[in-house]
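Trainee: Work the whole structure out from these sequences, hints included.
Top line first, the protein sequences correspond to chains A and B. Numbering of the first sequence is given in full-length UniProt numbering, commencing with residue 1 and proceeding in unit increments. Numbering of the second sequence is given in full-length UniProt numbering, commencing with residue 1 and proceeding in unit increments.
Rather than coming from a laboratory, the hints here were simulated on the basis of the structure.
The list that follows gives simulated cross-link-like pairs (lysine-lysine, DSS-like), each with its CA atoms no further than 27 Å apart:
hint	chain 1	residue 1	chain 2	residue 2
1	A	424	B	151
2	A	429	B	29
3	A	592	B	186
4	B	56	A	605
5	A	429	B	151
On the chain B side, residues computed to face chain A include the following (Cβ under 8 Å):
hint	residue
6	16
7	35
8	41
9	43
10	67
11	71
All residues carry an ideal CB built from backbone N, CA and C; glycine is no exception.
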Amino acid sequence: MIETDINDLSDDADYAAASRQQGPASFNRSDSGRRSSSGETEGAEVVYLKDNVTIHPTQYAADWISGRLKLIKQAGSLFMTWIPYKGQNSNARLTEKDKNLYTIRAVPFSDIKSIRRHNPPIGWQYIIVVLSSGLAFPPLYFYNGGVKEFLATVKQHAFLVRSADDANVFVVNDFQDPLQKTLSSLELPRAVSVANSPSSSVALSESPSSGNQEMTEGGAFNGSAASVRQNGTPRQKHNDPARDLHMQVLEKFSLVTRFARETTSQLFRESQMDGFLASERRRYDQPLVEHQSLVEHPESPDSNGSPKTPVPADPLEFDKMSLVWGKPRQPRLGLEEWSNFLDSEGRVMDANALKKRIFYGGVEHNLRRELWPFLLEYHPYDSTFAEREYLVAIKKLEYETLKKQWQSISHAQARRFTKFRERKGLIDKDVVRTDRSLSFYDGDDNPNVHLLRDILLTYSFYNFDLGYCQGMSDLLSPILFVMKDESESFWCFVSLMERLGPNFSRDQSGMHSQLFALSKLVEILDSPLHNYFQQNECINYFFCFRWILIQFKREFDFDRTMLLWEVLWTRYLSEHLHLYFCVAILKRYRNKIIGEQMDFDTLLKFINELSGQIDLNPTLRDAEALCICAGENGAACIPPGTPPSLPIEDASVYPQLEDDIL
Amino acid sequence: MSYAYLFKYIIIGDTGVGKSCLLLQFTDKRFQPVHDLTIGVEFGARMITIDNKPIKLQIWDTAGQESFRSITRSYYRGAAGALLVYDITRRETFNHLASWLEDARQHANANMTIMLIGNKCDLSHRRAVSTEEGEQFARENGLIFMECSAKTAQNVEEAFISTAATIYKKIQEGVFDVSNESYGIKVGYGNIPGPQGGRDGGNTQGGGCCS
Numbered sequence: 001m002i003e004t005d006i007n008d009l010s011d012d013a014d015y016a017a018a019s020r021q022q023g024p025a026s027f028n029r030s031d032s033g034r035r036s037s038s039g040e041t042e043g044a045e046v047v048y049l050k051d052n053v054t055i056h057p058t059q060y061a062a063d064w065i066s067g068r069l070k071l072i073k074q075a076g077s078l079f080m081t082w083i084p085y086k087g088q089n090s091n092a093r094l095t096e097k098d099k100n101l102y103t104i105r106a107v108p109f110s111d112i113k114s115i116r117r118h119n120p121p122i123g124w125q126y127i128i129v130v131l132s133s134g135l136a137f138p139p140l141y142f143y144n145g146g147v148k149e150f151l152a153t154v155k156q157h158a159f160l161v162r163s164a165d166d167a168n169v170f171v172v173n174d175f176q177d178p179l180q181k182t183l184s185s186l187e188l189p190r191a192v193s194v195a196n197s198p199s200s201s202v203a204l205s206e207s208p209s210s211g212n213q214e215m216t217e218g219g220a221f222n223g224s225a226a227s228v229r230q231n232g233t234p235r236q237k238h239n240d241p242a243r244d245l246h247m248q249v250l251e252k253f254s255l256v257t258r259f260a261r262e263t264t265s266q267l268f269r270e271s272q273m274d275g276f277l278a279s280e281r282r283r284y285d286q287p288l289v290e291h292q293s294l295v296e297h298p299e300s301p302d303s304n305g306s307p308k309t310p311v312p313a314d315p316l317e318f319d320k321m322s323l324v325w326g327k328p329r330q331p332r333l334g335l336e337e338w339s340n341f342l343d344s345e346g347r348v349m350d351a352n353a354l355k356k357r358i359f360y361g362g363v364e365h366n367l368r369r370e371l372w373p374f375l376l377e378y379h380p381y382d383s384t385f386a387e388r389e390y391l392v393a394i395k396k397l398e399y400e401t402l403k404k405q406w407q408s409i410s411h412a413q414a415r416r417f418t419k420f421r422e423r424k425g426l427i428d429k430d431v432v433r434t435d436r437s438l439s440f441y442d443g444d445d446n447p448n449v450h451l452l453r454d455i456l457l458t459y460s461f462y463n464f465d466l467g468y469c470q471g472m473s474d475l476l477s478p479i480l481f482v483m484k485d486e487s488e489s490f491w492c493f494v495s496l497m498e499r500l501g502p503n504f505s506r507d508q509s510g511m512h513s514q515l516f517a518l519s520k521l522v523e524i525l526d527s528p529l530h531n532y533f534q535q536n537e538c539i540n541y542f543f544c545f546r547w548i549l550i551q552f553k554r555e556f557d558f559d560r561t562m563l564l565w566e567v568l569w570t571r572y573l574s575e576h577l578h579l580y581f582c583v584a585i586l587k588r589y590r591n592k593i594i595g596e597q598m599d600f601d602t603l604l605k606f607i608n609e610l611s612g613q614i615d616l617n618p619t620l621r622d623a624e625a626l627c628i629c630a631g632e633n634g635a636a637c638i639p640p641g642t643p644p645s646l647p648i649e650d651a652s653v654y655p656q657l658e659d660d661i662l
Numbered sequence: 001m002s003y004a005y006l007f008k009y010i011i012i013g014d015t016g017v018g019k020s021c022l023l024l025q026f027t028d029k030r031f032q033p034v035h036d037l038t039i040g041v042e043f044g045a046r047m048i049t050i051d052n053k054p055i056k057l058q059i060w061d062t063a064g065q066e067s068f069r070s071i072t073r074s075y076y077r078g079a080a081g082a083l084l085v086y087d088i089t090r091r092e093t094f095n096h097l098a099s100w101l102e103d104a105r106q107h108a109n110a111n112m113t114i115m116l117i118g119n120k121c122d123l124s125h126r127r128a129v130s131t132e133e134g135e136q137f138a139r140e141n142g143l144i145f146m147e148c149s150a151k152t153a154q155n156v157e158e159a160f161i162s163t164a165a166t167i168y169k170k171i172q173e174g175v176f177d178v179s180n181e182s183y184g185i186k187v188g189y190g191n192i193p194g195p196q197g198g199r200d201g202g203n204t205q206g207g208g209c210c211s
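Mentor: This is the structure:
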């Protein structure tokens with residue numbers, strides 16, 4: 001398995017050798033080289049061919065898939081293909097179809113960002129090909145050697161430079177090209193350590209000695225974190241923990257690729273059924289998916305099969321949509337499908353499946369009234385129709401009791417109860433400034449506005465420590481709009497506030513912890529952007545304050561807000577999808593932000609004015625993809641108890657400040 | 001549109017005193033009683049003319065509630081002018097002025113021009129703070145003072161413009177280094193900052209008080 005190729009590990013000699021290979025056709029015969037046969041597509045020339053290049057989808061050798069790797073030149077462009085051999089495994093676990101999912105069919109090098117070479121001391125040499133989109137193909141193991149020739153051939157036909165940071169990384173394409181700059185947005189992190197990360201992610205952390213990534217709990221946004229990174233990093237040799245991490249992240253991206261493939265095949269099936277999806281796919285999907293979709297109907301994955309010539313992506317289109325590749329959004333959950341989730345007595349049989357379904361599609365409006373109480377955890381999923389009916393009845397009584405607490409305050413008592421008067425005054429002022437453009441709340445003396453007032457005031461007695469804070473009316477308004485009923489709205493709001501209450505705590509600790517987690521996420525998902533914020537004193541992320549405080553309520557119209565909320569409330573991929581959603585928006589505008597060198601003021605104004613401009617579904621897909629990409633490293637950025645996680649139990653959830661007024 | 005100077009303003013004061021309405025009256029010349037409450041900060045802008053020079057006002061309208069003070073503080077940076085607003089019909093909004101002023105003094109640059117505004121002067125029948133009290137507070141704290149009505153537009157133009165005139169005058173007097181943007185002043189294209197002929201830059205549009 002280890003052949004001569006592995007002997008010249010001396011990196012620079014290897015690279016130099018590659019550099020020397022400038023003459024045309026130098027490798028056509030050098031290896032197992034068969035020249036391009038007449039069977040190839042017209043104008044296509046096979047400039048490199050290697051057999052027994054294998055991927056390892058699992059650790060079990062029986063699952064490994066061997067195939068043939070080729071570099072094909074056509075019309076001045078270089079393409080890479082890897083086609084698995086047919087019928088080589090008798091193993092039942094991997095069907096031909098599974099194998100096809102891994103097929104790499106004519107990926108143009110313009111879509112490739114970098115190639116990383118791995119020379120493990122024991123075992124086969126392999127490479128990981130990272131696409132401009134940030135996706136990576138699974139590692140390709142060269143059982144017969146040939147990595148050096150592979151790189152040399154690429155260098156001969158495409159722009160390939162060795163990374164200054166890491167001698168084993170070869171960067172494809174010209175980074176002067178603005179498009180490439182865009183595509184490099186999904187920078188791989190050099191370091192992702194978080195000091196208090198859960199144990200599961202410790203393996204991915206930097207060694208303690210490198211210490212520059214220490215995260216100080218609860219605070220200092222201006223910290224020294226993330227100082228040594230982009231530039232001036234010496235070449236990393238073996239045993240460098242950062243390098244290992246880098247590699248592990250790459251492999252994580254490989255997993256994502258697999259996810260994306262599964263998605264793609266599913267998408268393809270769905271799009272045949274549903275014209276809506278097909279059109280959405282055309283609009284939003286990025287070229288990788290386009291190439292992958294070819295996989296679904298090649299004549300056969302024959303090793304001699306001719307490469308399909310992919311349609312090059314429109315660079316502008318690609319630029320705009322550089323990161324849309326989460327699962328396609330589905331139509332909203334409707335009544336008929338919903339009824340299939342219930343058993344005869346009204347229990348939700350598979351809560352996870354329901355959450356997943358809502359995560360990907362949302363809910364039709366007329367079902368929200370029934371479904372939101374589940375999503376908000378007011379109704380248990382395993383409750384029956386009868387149990388819910390009973391719950392509603394007793395909760396109604398309980399609400400009435402709570403409401404009487406403030407209703408029974410006489411005028412004379414109120415005069416001696418400043419806190420109550422102030423609170424009521426504030427709520428009175430705010431409910432008439434909440435969604436009044438909606439017919440549900442417009443006009444003088446609108447009974448729904450009175451309901452808003454009564455519910456908020458009752459809540460401020462139910463949770464007297466937290467009281468009332470601006471922003472709560474924004475959170476309650478859609479709930480009342482959906483639930484209609486006063487008591488039901490109240491209890492749904494109570495459930496929501498169990499998670500979002502800390503957003504409104506007097507010391508702003510809930511907001512600060514989320515903004516801090518957001519900064520850590522941007523750091524791992526877009527370190528250049530993070531560095532930009534740091535250098536421009538934007539590191540407190542206050543410009544995202546409104547997004548987080550009221551769950552993007554002011555960024556979307558009412559209907560989209562409701563859709564976004566029910567997606568977030570499923571907590572399907574993460575409790576903190578809203579933070580990934582923030583990252584997704586920022587990444588969409590990163591070029592503008594950095595390109596125009598926005599300072600704090602300009603950035604704040606820019607973000608404010610994005611209101612109404614954000615494309616919901618593509619951004620949700622980005623958020624989903626980012627969440628999967630970040631994986632455990634992302635989860636480790638978010639300290640336990642960060643809203644909307646349930647608070648960590650302790651004596652006082654909302655510490656009172658001494659000069660508490662309201 | 002080109003300008004000679006851009007001034008950053010910030011509007012502060014208790015919730016419900018009419019900050020957003022003042023801004024809307026100034027930028028759009030209309031009164032909208034059912035304005036959504038402000039979360040975080042909103043922006044407005046308008047060109048004015050002082051001493052025949054076009055000046056752009058970029059105005060930051062902040063959320064008033066106490067809980068958001070820590071966020072609001074980050075908006076003071078680089079403000080050349082502040083409108084500190086209270087509601088003449090609600091005594092407590094006047095009582096809180098000292099705490100707002102303390103915030104402003106602590107987080108804004110020392111030369112920030114502060115205009116104290118007693119809003120809702122159209123509701124004189126519900127007045128809870130006398131004009132004299134407002135004047136006195138302003139005098140004691142070195143602020144300019146006006147009573148306004150965002151509803152009737154009374155003195156709204158004047159408040160914004162006389163603040164600008166004061167800032168402009170300070171520029172003429174060399175109080176600011178206008179090349180340093182932390183003072184909340186940007187010099188526009190085509191304007192050559194330097195020794196100016198005019199000693200008094202304030203124009204006649206400003207001034208006046210509704211009392």
